[in-house]
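Undergrad: Okay, here's what each chain looks like letter by letter:
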Amino acid sequence: MDKRLERILPRVQKPARYTGGEYNQIIKDKQKVDLRVAFCFPDTYEIGMSNLGMSILYHTMNSLPYVWCERVFAPWGDMYEEMKKAELPLYALESGDSLDQFDVLAFSIGYEMAYTTVLDMIDQAGLPLRSAERTALLPLVFAGGSAAVNAEPMADFLDLFVIGEGEEMNNDLLALLHTAKTEGWDKPEFLRRAAQIGGVYVPSLYDIAYHPDGTVASITPRDGAPERVTKRIVVDLDSAPYPVNPVVPSTEVVHDRVNLELFRGCVRGCRFCQAGYIYRPIRAKKPETLVKQGIEALKNTGHEDVTLLSLSTSDYRPLPALCDGLLDYCESRSIGLSLPSLRADNFSMEIMEKLQKVRKSGLTFAVEGGSQRLRDAINKNVTEGDLLHTCAIAFAGGWNSVKLYYMLGLPTETDEDIVGIADMAGRILHCWRENAKNKNRGVKITVSTSCFIPKPHSPFQWEPQITREEYLRRVNLLRASINSRSVVYNWHDADTSVVEAVLSRGDRRLGPVLEEVWKNGGRLEAWSDYFRFDRWMNALDKFGLTAAFYAERERSVEEVLPWDMIDVGVRKAHLVKERERCYSSTLSPDCRHQCSACGALRLMEGGKCDG
Amino acid sequence: MDKLRLRFEKTGRAVWISHLDLMHTMQRAFSRAGYALKYSEGFNPHPQISIALPLSVGVGSYCELMDFRLNGDTALAALPARLTAVMPEGIRVTDCYEQVNKFALLKYLEIRGSFEYDERPAGEMAEELTRFFAQPEIVIEKKTKRGLGQSDIKPAIREIAFEAGEGEVLLHAVISAQEPTLNPALLPDALRQLKPALAPDFAKFTRIENYLENMQVFR
Ligand code: SF4
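For the record, the sequence lines run as chains A and B.
Using this note's numbering, read the first sequence as starting at 1 and increasing by one per residue.
Using this note's numbering, read the second sequence as starting at 1001 and increasing by one per residue.
Source of the hints: derived by calculation from the structure; they are not laboratory data.
The C-beta atom is built at its ideal place from N, Cα and C for all residues, glycine as well.
Hints are not guaranteed to be accurate.
Okay, the calculated bits of chain B under chain A, using three or more residues with CB under 8 Å as the criterion [what the hints assert, rightly or not]:
(1) 1009 to 1016
(2) 1025 to 1033
(3) 1137 to 1145
Distance windows between CB atoms, simulated [said to hold, decoys possible]:
(4) A:ALA175 <-> B:GLY1165: 46 to 54 Å
(5) B:SER1056 <-> A:SER338: 29 to 37 Å
(6) A:LYS542 <-> B:GLU1124: 50 to 58 Å
(7) B:PRO1196 <-> A:GLU81: 21 to 29 Å
(8) B:GLY1165 <-> A:ASP541: 53 to 61 Å
(9) A:LYS542 <-> B:GLY1165: 50 to 58 Å
(10) B:GLU1041 <-> A:THR414: 51 to 59 Å
Think about it this way: if two alpha-carbon atoms lie no more than 30 Å apart in a straight line, the pair counts; the simulated DSS-like pairs of lysine-lysine are [said to hold, decoys possible]:
(11) B:LYS1143 <-> A:LYS3
(12) A:LYS3 <-> B:LYS1145
(13) A:LYS14 <-> B:LYS1143
(14) A:LYS14 <-> B:LYS1038
(15) B:LYS1142 <-> A:LYS14
(16) B:LYS1038 <-> A:LYS85
(17) A:LYS286 <-> A:LYS299
(18) B:LYS1142 <-> A:LYS292
With the sequences and hints as input, model every part of the structure.
TA: Okay, here's the thing in structure tokens:
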């Protein structure tokens, strides 16, 4: 172990997250590999090690014999300061080698608030921030993850982006880089050829022109780069790689458990939900595959919990069979099975009873809108009747805590809708009084609100965000409407939402803003400990930009959007149609009832959408 | 099977695993190796494992002891290798047997340590350290539950010797493990308080062996 590191570790919180050496880490002989990949997660170890995507890609990249892929996480503030003081550069956990010994820095970016951390990690690796200033072929610095669907604010800093699912794409890219390294290509040649790989977006091959008002005038590809980069997907999830021997952290992380992914995509089409659109088409895994992989992973890790992941667990058709198969194994071993993202409408008694045998957690419902009209407008197909029905079953079954999540600022929202949130909480309280077996324990109903953020590639991508002041007014209205001690109201402040709205629909002109925020100490800004709103506003100001331009402005449907070169499958015309249906509060059928030909199917090449 | 004891090493990168995390790591390792730890009864069942004298984070050991119970019978001889195969780097199980002594009887710990000096000559330091720790009493300020207190650490040091190495002074000592407990970190602390010129730039420790009051190896 590096002497500098050894001296720092006794002084920092939770040092085990900085040492590596966990069970199932992948160690290779660095003399015998040709490409050393630093897989960088721009957040803490605890978050990154809980991420299934990271775990999958760690294993797929390492499946290439000429690659050794190691993990890198962002140090928490105390460690960061100590590393600066000791002049200890950022290093990878497996080998402990500093990042200057790597051929590739691959970032997984799941959310916009991680952007400045990415910059910081590039800097900690001792590299110039901008792609144009890194003239050599190696190290290649690229990124993927869901934030890549509009990567424009980060366009100057990364050599390329991988759009979509990385299982196959990353390895295609590494194979090309392997050839490039062996044959001695220069960086421009490599980037030109990489742009021909499906799903690879090389921002430097696209010229962006702006109108005087700051909107995008045109996007022009060069050197044979495709006009639109189409998202890559894995067609058959049953045969897709799944790590049954993931790294087992030796210290507590956010989710210490086996993660099983039931399906990708979502049949629902909630209009505010980016995930519901960018992960289409819908592809499910067979329950047999999941049971087998789950048991194997439990055996190999010794975890005491297994979780079923998806955007909407209850939409997994063979859910009962899957639960039975897993519970067979779990129950006798005191292994907990949890199902987040259950929906209120088809939350079945049977499944709840099954889970109850093992472990009982609180009930959580994402209701989003306070009235049926608003829920219809956003296509959130949950009725209050369903919700109350589910709660009645749950209360009768002994549950006594319910969490309800809402967004304020959704398109078409009125004050009536907001008061409706309080009314609904009141009716749930009433439902508890009528159904609870044991009233002595009391009930806790938690209402949480966050400020709606319009996201690219969703039907609301043209919508304005409400201002911070307006959000606060709505919060206060709701606060005043809640008048029971059993109902607790938590609201997230809108500061982060404003910045997120700016970045998620931002363009390349935000590059210097990100750099400025980073220079002024911005990193790990997904954490309220480190987020500073003023730093962002000052940086925007410095470059003559405003948050309002990106966040609060309604965009016309004709406007060229900064992310128009990215094709996630769903057609723009479909998004336009969905947005119009919002204004008439018209529900669209979910994919189970009727395929609305969203466009995602063309990514499948003869496959079948499991809608 | 009841009253089993595991002896294991915790060295290298594993020294940074905290006591609580180690308990959890052990639990998972048993499960990976296919052993069923016996759980306590009651509302919140937990595996019945207990580790003698929890190590401070950063301190290594060749002589950790953990008591546990298993459901069913198993061949104890095979257990160390099976467990070691599923451990994180740095944890090696070296023995497993039925408990002999009660943890309360563990009296002395043999430790080795390294005091690193970046700018001072190790030879000189070794001599001075020997002299310092030969004093009849070494009274330091110590944080206790009731605030700062005075305490003589000398009676807790049964044997101590220093030897010059490369940029470091190697320490070899036998210290009291219980009643009183001497945390090895107090050795450099004493220097910092009483003779800063001898305080090392960095110090680290490793446990070597556990002893009974009569200096027989504790099992
Ligand atoms: S192709 Fe049809 S079924 Fe599949 S996601 Fe799109 S709308 Fe739904």
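Undergrad: Now look at each hint and say whether the structure bears it out.
TA: Tested hints:
1. 1009 to 1016: n = 4 at 8 Å, threshold three: holds.
2. 1025 to 1033: holds (count 7)
3. 1137 to 1145: Our answer is that it is violated, as 0 residues pass the Cβ test (under 8 Å) against chain A, missing three.
4. A:ALA175 <-> B:GLY1165: 46 to 54 Å: Taking Cβ atoms as reference, ALA175 of chain A and GLY1165 of chain B lie about 49 Å apart, which means the hint holds.
5. B:SER1056 <-> A:SER338: 29 to 37 Å: 35 Å, holds
6. A:LYS542 <-> B:GLU1124: 50 to 58 Å: The hint (50 to 58 Å, Cβ to Cβ) holds, given that LYS542 of chain A and GLU1124 of chain B are roughly 57 Å apart.
7. B:PRO1196 <-> A:GLU81: 21 to 29 Å: 25 Å, holds
8. B:GLY1165 <-> A:ASP541: 53 to 61 Å: 58 Å, holds
9. A:LYS542 <-> B:GLY1165: 50 to 58 Å: Holds - the Cβ-Cβ distance for LYS542 of chain A and GLY1165 of chain B, about 55 Å, lies within 50 to 58 Å.
10. B:GLU1041 <-> A:THR414: 51 to 59 Å: For THR414 of chain A against GLU1041 of chain B, whose Cβ atoms are near 56 Å apart, the range 51 to 59 Å holds.
11. B:LYS1143 <-> A:LYS3: 29 Å, holds
12. A:LYS3 <-> B:LYS1145: Violated, at about 34 Å.
13. A:LYS14 <-> B:LYS1143: Given pair LYS14 of chain A, LYS1143 of chain B holds - Cα atoms ~22 Å apart, limit 30 Å.
14. A:LYS14 <-> B:LYS1038: Satisfied, since the Cα-Cα distance of roughly 29 Å is no more than 30 Å.
15. B:LYS1142 <-> A:LYS14: With Cα atoms ~24 Å apart, LYS1142 of chain B and LYS14 of chain A stay inside 30 Å; holds.
16. B:LYS1038 <-> A:LYS85: 47 Å, violated
17. A:LYS286 <-> A:LYS299: 20 Å, holds
18. B:LYS1142 <-> A:LYS292: 55 Å, violated
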